[in-house]
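A.B. asks: Each chain is listed here by its residues.
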Amino acid sequence: DAKTTQPPSMDCAEGRAANLPCNHSTISGNEYVYWYRQIHSQGPQYIIHGLKNNETNEMASLIITEDRKSSTLILPHATLRDTAVYYCIVRVGGTASKLTFGTGTRLQVTL
Amino acid sequence: DAGVIQSPRHEVTEMGQEVTLRCKPISGHDYLFWYRQTMMRGLELLIYFNNNVPIDDSGMPEDRFSAKMPNASFSTLKIQPSEPRDSAVYFCASSPRAGSYGYTFGSGTRLTVV
Chain V
1 DAKTTQPPSM DCAEGRAANL PCNHSTISGN EYVYWYRQIH SQGPQYIIHG LKNNETNEMA
61 SLIITEDRKS STLILPHATL RDTAVYYCIV RVGGTASKLT FGTGTRLQVT L
Chain R
1 DAGVIQSPRH EVTEMGQEVT LRCKPISGHD YLFWYRQTMM RGLELLIYFN NNVPIDDSGM
61 PEDRFSAKMP NASFSTLKIQ PSEPRDSAVY FCASSPRAGS YGYTFGSGTR LTVV
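So the protein lines, in turn, are chains V and R.
When you number the first sequence by my numbering, it's gap-free, plus one each residue, and the end is 111.
When you number the second sequence by my numbering, it's gap-free, plus one each residue, and the end is 114.
Straight line, CA to CA, 27 Å or less: simulated DSS-like cross-link-like pairs of lysine-lysine:
no. : chain 1 : residue 1 : chain 2 : residue 2
1   : R       : K24       : V       : K98
2   : V       : K98       : V       : K69
3   : V       : K98       : V       : K3
4   : V       : K52       : V       : K98
5   : V       : K3        : V       : K52
6   : R       : K68       : R       : K24
7   : R       : K68       : V       : K98
8   : R       : K78       : R       : K24
9   : V       : K98       : R       : K78
Examples of chain V residues lying across from chain R (beta carbon under 10 Å, computed):
no. : residue
10  : G43
11  : Y87
12  : G102
13  : T103
In case anyone wonders, no lab produced these hints; they're calculated from the structure.
Here the structure is a predicted model, which is why all the values come from computation and not from measurement.
For glycine and all other residues, C-beta sits at the position ideal for the given N, C-alpha and C.
Next up, chain V with everything else stripped away, as it sits in the complex:
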């Protein structure tokens, strides 16, 4: 699976959009981009995933560049409860492949 690079930490004011970047320059054509988050003391939580088109669900939006070498997770209106470590993972779809977690981005949402 392709490796990903994320900033170690970010801050965001409550109510503002949180934009979390991820670089995956070695991504292959059959690899999906997944985002998970882990709130303190809880298990990781699936957020969203995509292949090449932008995706949106009730939690977030995922913007993938046209060359697929980078992506951005957008939390449109961050709240204090969004404070967590966010993991960007690239993984082959359609196989029994495993999720490999990196170090992620620690997002701190402040008042």
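Following the hints, complete the assembly by docking chain R onto the known chain V.
C.D. replies: Below, chain R without anything else, positioned relative to chain V:
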């Protein structure tokens, strides 16, 4: 759906004792994963099963660790004998099938070996 259920939530044991962690995956999920999380090493995949069969156990640290899945609704991770360096949070996760599906994680078991 109750989600992935792990027990116990916390376990404190003495070095050398046997420890058994338990996991009930979401009904209908074909894949089950065991992860370990420590401050030093982050989240590590230990082993995963497909339809109750172990597929990849390359992450199991050593022979002291063993995992079983006797049926589709139950899995165990056993450490015998336990050591202080095994102290970590152990997570179980399940997934419906291979492909572009997200995993659902349990709440974890915090293991402390003294």
